[in-house]
Amino acid sequence: MKFPKQLKDIMYELLREPTLEKLREFLHSQTGEHNSIDFKEQWIENATLAKEILALSNSQGGIIVFGVSENDDKTISISGLSEIVDKAIISNGIKNYISSNLKYEIYDFVYNSSEYEELIGKKLQMLVVEDTPEFIPFLSKRESGSLKQNMIYVRRGTSCEIANEEELQYIFKRRINYLHPLNGEPLNLEEHLKQLEFLYGKIKKEHIYYKNGLPEGMITMVNSIADLFYKGEKIVEPNPLYPSESYEEFISRMIVAKKKKIERVMDIY
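Here the sequence shown is numbered in this note's numbering, starting from 5 and rising by one per residue.
If you're looking for bench data, these hints aren't it; they were derived computationally from the structure. There is no bait here: all hints are sound.
As a list, the in silico DSS-like pairs of lysine-lysine whose alpha-carbon atoms are at most 25 Å apart:
#1 Lys152 / Lys238
#2 Lys145 / Lys44
#3 Lys127 / Lys91
Could you build all of it, start to finish, from the sequences and the hints given here?
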């Protein structure tokens, strides 16, 4: 995770040992929201929360503290939560939007007493999104509200945005460098093909959704026999971002090109 220089040591201690005292110190030293730090006055709607988590996961991880809000002058106000929300409720609410490989933890904090007067009697929760470069990029699995399906979100400053070309290149570079650490030697053909196949595997050729069916939450309650009646009309649309040439077509074209080159070398072309 990348944190502001002045908060690195405090954040390290908080993540290593998420205690009441460590969170108190973190809040007392706050300078507002950053690329890897977010504050929410209350828990937010599931799809919006999933979007925030996805953005952090594709941006080297980070934290969201609930029960705290940022003021216009970058200071924070600690209103606290009315109650601690059960972790299972949160996990069940977002699991259909994010990959199971996306790792996060939720910590509860209840301040019955504190040296920091504003914290006394307050309940807070902190969601920590781990940095897992071996699995990035994480795509949104479903669409709901401002969350679009099959999109890669990142943190850009203090907002969640769809990744642009430069950000995508950085994400893929982090993944590849993690799985294949640079050793100063150029990649061989097999390694190049593995990377290309990996990139193709991260984009869907078609988008599938159901028109005029039940709301998403109710579809999961319907058994498989009744799916056709309740899901509605199945719509399949080509993904405009998918390469015009498939991975297999590229390999086939390379085989033809290689054969021609061999024929030229053998002077039979």
